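Student: Each chain is listed here by its residues.
There are 2 protein chains.
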Amino acid sequence: MHKCFPARGVMEGLLSRCRALPAPTTCGRQLSGYVPHRFYHRGPERGKRLVLSRMFQPQNLREDQVLSPEGRSGDLSCKSQRLMLQVGLIHPASPGCYHLLPYTVRAIEKLERVIDQEMQAIGGQKVNMPSLSPAELWRATKRWDLMGKELLRLRDRHGKEYCLGPTHEEAITALVASQQTLSYKQLPFLLYQVTRKFRDEPRPRFGLLRGREFYMKDMYTFDSSPEAALETYGLVCGAYSSLFHRLGLQCVRVQADVGSIGGTTSHEFQLPAEVGEDRFAVCPGCGFSANMETLHSSQTSCPACRGPLTESRGIEVGHTFYLGTKYSSVFSAQFTNAHGKPCLAEMGCYGLGVTRILAAGIEVLSTEDSVRWPSLLAPYHVCLIPPKKGSREEAATELTGGLYDLITEAVPQLRGEVLLDDRTHLTIGNRLKDANKFGYPFVIIAGKRALEDPAHFEVRCQNTGEVVFLTREGVTEFLSQVQVV
Amino acid sequence: MHKCFPARGVMEGLLSRCRALPAPTTCGRQLSGYVPHRFYHRGPERGKRLVLSRMFQPQNLREDQVLSPEGRSGDLSCKSQRLMLQVGLIHPASPGCYHLLPYTVRAIEKLERVIDQEMQAIGGQKVNMPSLSPAELWRATKRWDLMGKELLRLRDRHGKEYCLGPTHEEAITALVASQQTLSYKQLPFLLYQVTRKFRDEPRPRFGLLRGREFYMKDMYTFDSSPEAALETYGLVCGAYSSLFHRLGLQCVRVQADVGSIGGTTSHEFQLPAEVGEDRFAVCPGCGFSANMETLHSSQTSCPACRGPLTESRGIEVGHTFYLGTKYSSVFSAQFTNAHGKPCLAEMGCYGLGVTRILAAGIEVLSTEDSVRWPSLLAPYHVCLIPPKKGSREEAATELTGGLYDLITEAVPQLRGEVLLDDRTHLTIGNRLKDANKFGYPFVIIAGKRALEDPAHFEVRCQNTGEVVFLTREGVTEFLSQVQVV
Numbered sequence: 001m002h003k004c005f006p007a008r009g010v011m012e013g014l015l016s017r018c019r020a021l022p023a024p025t026t027c028g029r030q031l032s033g034y035v036p037h038r039f040y041h042r043g044p045e046r047g048k049r050l051v052l053s054r055m056f057q058p059q060n061l062r063e064d065q066v067l068s069p070e071g072r073s074g075d076l077s078c079k080s081q082r083l084m085l086q087v088g089l090i091h092p093a094s095p096g097c098y099h100l101l102p103y104t105v106r107a108i109e110k111l112e113r114v115i116d117q118e119m120q121a122i123g124g125q126k127v128n129m130p131s132l133s134p135a136e137l138w139r140a141t142k143r144w145d146l147m148g149k150e151l152l153r154l155r156d157r158h159g160k161e162y163c164l165g166p167t168h169e170e171a172i173t174a175l176v177a178s179q180q181t182l183s184y185k186q187l188p189f190l191l192y193q194v195t196r197k198f199r200d201e202p203r204p205r206f207g208l209l210r211g212r213e214f215y216m217k218d219m220y221t222f223d224s225s226p227e228a229a230l231e232t233y234g235l236v237c238g239a240y241s242s243l244f245h246r247l248g249l250q251c252v253r254v255q256a257d258v259g260s261i262g263g264t265t266s267h268e269f270q271l272p273a274e275v276g277e278d279r280f281a282v283c284p285g286c287g288f289s290a291n292m293e294t295l296h297s298s299q300t301s302c303p304a305c306r307g308p309l310t311e312s313r314g315i316e317v318g319h320t321f322y323l324g325t326k327y328s329s330v331f332s333a334q335f336t337n338a339h340g341k342p343c344l345a346e347m348g349c350y351g352l353g354v355t356r357i358l359a360a361g362i363e364v365l366s367t368e369d370s371v372r373w374p375s376l377l378a379p380y381h382v383c384l385i386p387p388k389k390g391s392r393e394e395a396a397t398e399l400t401g402g403l404y405d406l407i408t409e410a411v412p413q414l415r416g417e418v419l420l421d422d423r424t425h426l427t428i429g430n431r432l433k434d435a436n437k438f439g440y441p442f443v444i445i446a447g448k449r450a451l452e453d454p455a456h457f458e459v460r461c462q463n464t465g466e467v468v469f470l471t472r473e474g475v476t477e478f479l480s481q482v483q484v485v
Numbered sequence: 001m002h003k004c005f006p007a008r009g010v011m012e013g014l015l016s017r018c019r020a021l022p023a024p025t026t027c028g029r030q031l032s033g034y035v036p037h038r039f040y041h042r043g044p045e046r047g048k049r050l051v052l053s054r055m056f057q058p059q060n061l062r063e064d065q066v067l068s069p070e071g072r073s074g075d076l077s078c079k080s081q082r083l084m085l086q087v088g089l090i091h092p093a094s095p096g097c098y099h100l101l102p103y104t105v106r107a108i109e110k111l112e113r114v115i116d117q118e119m120q121a122i123g124g125q126k127v128n129m130p131s132l133s134p135a136e137l138w139r140a141t142k143r144w145d146l147m148g149k150e151l152l153r154l155r156d157r158h159g160k161e162y163c164l165g166p167t168h169e170e171a172i173t174a175l176v177a178s179q180q181t182l183s184y185k186q187l188p189f190l191l192y193q194v195t196r197k198f199r200d201e202p203r204p205r206f207g208l209l210r211g212r213e214f215y216m217k218d219m220y221t222f223d224s225s226p227e228a229a230l231e232t233y234g235l236v237c238g239a240y241s242s243l244f245h246r247l248g249l250q251c252v253r254v255q256a257d258v259g260s261i262g263g264t265t266s267h268e269f270q271l272p273a274e275v276g277e278d279r280f281a282v283c284p285g286c287g288f289s290a291n292m293e294t295l296h297s298s299q300t301s302c303p304a305c306r307g308p309l310t311e312s313r314g315i316e317v318g319h320t321f322y323l324g325t326k327y328s329s330v331f332s333a334q335f336t337n338a339h340g341k342p343c344l345a346e347m348g349c350y351g352l353g354v355t356r357i358l359a360a361g362i363e364v365l366s367t368e369d370s371v372r373w374p375s376l377l378a379p380y381h382v383c384l385i386p387p388k389k390g391s392r393e394e395a396a397t398e399l400t401g402g403l404y405d406l407i408t409e410a411v412p413q414l415r416g417e418v419l420l421d422d423r424t425h426l427t428i429g430n431r432l433k434d435a436n437k438f439g440y441p442f443v444i445i446a447g448k449r450a451l452e453d454p455a456h457f458e459v460r461c462q463n464t465g466e467v468v469f470l471t472r473e474g475v476t477e478f479l480s481q482v483q484v485v
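So the sequences go chain by chain: A and B.
Be aware that the first sequence starts at 1, since it is given in the working numbering, and climbs by one per residue.
Be aware that the second sequence starts at 1, since it is given in the working numbering, and climbs by one per residue.
One thing to keep in mind: the hints can contain errors.
[What the hints assert, rightly or not] Computed list of lysine-lysine pairs in PhoX-like fashion (alpha-carbon distance at most 20 Å, straight line):
#1 Lys160(B) <-> Lys149(A)
#2 Lys160(A) <-> Lys149(A)
#3 Lys437(A) <-> Lys448(A)
#4 Lys149(B) <-> Lys160(A)
#5 Lys48(A) <-> Lys185(B)
#6 Lys389(B) <-> Lys185(A)
#7 Lys433(B) <-> Lys448(B)
#8 Lys388(A) <-> Lys185(B)
#9 Lys388(B) <-> Lys185(A)
#10 Lys48(B) <-> Lys110(A)
#11 Lys185(B) <-> Lys185(A)
#12 Lys185(B) <-> Lys389(A)
It should be emphasised that the hints constitute simulated quantities derived from the structure, not laboratory data.
These numbers come from a predicted model, not from an experiment.
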């Protein structure tokens with residue numbers, strides 16, 4: 001027994017008083033605990049099971065029915081857009097704007113968790129800034145005019161002008177500047193958000209790869225000296241590398257142009273892909289890499305080692321900028337240094353295209369007709385396929401339900417991650433075809449060998465194509481090693 | 001040993017191949033694992049500790065420095081707005097728009113998790129619809145004109161008209177209508193999202209209670225008959241009751257007007273509060289309750305039992321509508337019934353003000369000068385206060401660090417929930433004052449009794465004011481019962 005004071009009973013009473021703000025014992029709790037069978041399949045004695053037949057998922061469209069938002073099927077010029085429309089991951093709302101359907105929302109939420117982990121591991125603190133961004137902030141940095149038609153602009157009922165924020169350097173700098181007493185001891189601050197951004201693309205295309213409304217992670221850092229700011233810069237770049245590594249995406253960090261953001265140093269994280277709209281050069285000899293925009297058009301040899309350059313196309317999934325005092329000087333974002341004097345903060349800004357990373361991952365990992373996900377982001381990790389109704393294997397149907405319950409009990413991290421394909425009017429083959437299209441990392445089938453004693457289930461690893469037969473215990477032991485975020 | 005085939009070593013290899021899409025062993029992982037001491041306090045041998053001195057938190061403002069977004073301190077006419085500005089939970093961006101600072105983001109993310117749990121427990125599926133909502137959708141239901149100045153409107157570079165969605169009946173109905181083959185067997189669908197909404201309030205006020213940009217949970221349901229739709233209606237109302245019960249907020253469900261949303265049946269969930277902008281009547285005799293808007297101004301007795309009515313003010317935190325076919329008829333959202341005939345879907349819509357629930361909870365639970373949170377939503381559950389530097393108790397400083405590590409190891413659900421107030425240049429008393437203002441549910445102090453053998457820590461439950469002294473083991477046993485979402 002632990003030594004503790006006061007005794008256990010006293011402590012429990014104490015805790016229940018501390019925790020419980022007065023709340024009536026309504027029937028609400030019971031009501032919401034009641035889930036009618038029409039939402040989930042209920043096992044004979046166990047809990048709820050997620051079943052495929054209840055998913056809101058406009059899948060199985062014939063290819064010729066999948067149209068671009070502009071209504072022409074010929075515009076679907078990239079694989080991820082076509083596949084995501086086909087299996088019902090996204091649905092067009094207006095040009096460059098998509099509804100994210102349930103599978104995609106799950107994948108995006110997982111991606112946001114991985115991003116949170118990486119940003120918080122280097123000291124990032126999460127904030128959330130409004131989309132409505134007052135014109136005066138943008139006029140102060142002259143970007144109200146510079147950004148031209150890319151800004152979506154509007155007026156409120158009083159005639160006051162706003163834009164819908166595509167990025168938030170102005171807003172965050174004004175926010176930090178509003179802190180009256182900031183000491184060098186408090187710095188650095190690494191402030192980030194994961195929110196919707198808006199950009200009036202002249203020609204939105206490729207689905208989530210280039211939209212007008214999209215999710216972005218934008219981080220802004222505030223340091224007390226250029227040296228400290230560059231140290232922070234390296235730290236964030238390291239976190240980005242770690243993120244892409246965990247997602248299994250081989251990105252290349254290239255020197256980049258600073259564009260309308262400004263500053264003196266900038267890098268892009270490019271995911272090599274044929275459909276990519278960026279062109280970058282890599283020197284296999286010394287590792288130099290740069291966006292072609294930063295090189296002279298005549299340049300064919302590496303500026304560092306004079307070796308030949310290799311050119312690739314890439315999708316820009318991240319971008320980092322060392323800004324110096326470009327924004328802090330405009331808004332007087334200051335701190336007090338060790339000598340008690342006010343100094344301008346040295347800033348950096350760092351973007352990740354959240355919806356774009358998902359689409360880019362699908363673009364480079366998928367086959368021509370089947371979605372493949374970065375494993376960590378798969379909306380559901382496991383799909384269970386019970387036998388067809390009326391088949392010789394039908395006796396194994398209950399075994400499959402039992403396996404579902406066993407997995408969610410024995411492998412806690414897979415709770416909510418296992419889907420039962422209850423469309424038992426379809427053959428196993430037809431359902432396996434669908435599972436292949438959707439790209440669940442693991443598909444478990446109750447086929448002939450499920451009737452053996454002990455029963456063996458067919459486990460298919462869709463990322464490698466490997467197939468093994470495992471007992472119930474084998475399945476749970478195997479799945480207990482799956483990483484879930 | 002479990003029976004399993006193939007053997008363990010084979011399985012591990014298999015899994016690592018299944019899981020790992022090709023990824024280079026870059027130094028990214030190591031880089032992001034490296035966290036310099038300036039971000040966190042590092043224990044002598046343990047992991048990272050979250051420390052207060054590094055928080056981006058413009059707290060401790062003098063009361064007269066806290067201004068409304070309009071710049072006048074007299075406009076701060078409600079407690080939650082004043083407290084949230086004062087301790088640095090929100091910061092004004094423009095009238096009715098606020099930056100959410102790190103503590104608030106943590107609380108809102110917790111609230112979203114509770115909402116997800118309740119919505120998914122009744123079969124809700126999460127989607128995400130764009131903010132840019134095409135004018136033609138709103139013209140189809142005539143709401144483009146009906147909504148008047150509440151809609152924020154804009155044009156894109158091609159002159160196409162949009163509004164920023166305050167609600168999404170049109171969008172979701174058009175989305176469901178686009179599904180060609182919907183069978184009655186698939187219904188009901190309960191589709192919801194938690195996203196930013198926009199409403200051009202003529203007079204935004206009370207901080208997050210009535211803003212122009214805010215987070216809302218909106219759910220839309222599709223049923224095959226009016227009876228089924230009303231069953232779903234009851235189910236969602238039950239989930240709402242459960243949610244508020246878990247948050248410790250005593251809401252009243254009252255009959256309400258359908259307003260511009262339409263339909264035939266509607267209820268509001270009202271949180272009684274002096275500052276509330278709604279007025280509702282309750283009959284203590286029979287339980288009848290209704291928004292005053294739905295009653296004749298002369299009505300003073302209960303329409304059900306003729307008993308006297310009691311009037312209250314409330315903050316509307318939820319609203320439910322049974323819509324019938326009002327929207328499905330406009331967009332032809334149909335399903336095929338049991339006889340193979342196309343029928344219009346019966347709809348409901350259900351809103352929860354996410355940012356508003358947080359502010360309303362703070363409004364009704366806080367004291368005049370200290371924030372109190374719905375326990376589940378507290379940004380950090382525990383604040384540890386080590387002795388002042390140079391004090392007689394300073395010897396217990398390391399014990400406090402050790403306690404921090406012990407808690408996060410022994411109570412896994414509290415990882416990331418424990419904050420160390422490392423501002424040891426301040427007295428314990430001053431830091432306790434701050435902790436009281438911030439409303440951490442549990443404050444643990446290393447005072448005189450930390451020098452006893454065994455050391456005893458002072459544990460303060462801020463929601464009840466109770467104080468106990470516990471050993472290390474007592475603290476972890478006590479905290480292991482804290483509910484974290």
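Student: Hints broken by the structure, by number, lowest first?
Tutor: Those not satisfied are hints 3, 10, 11.
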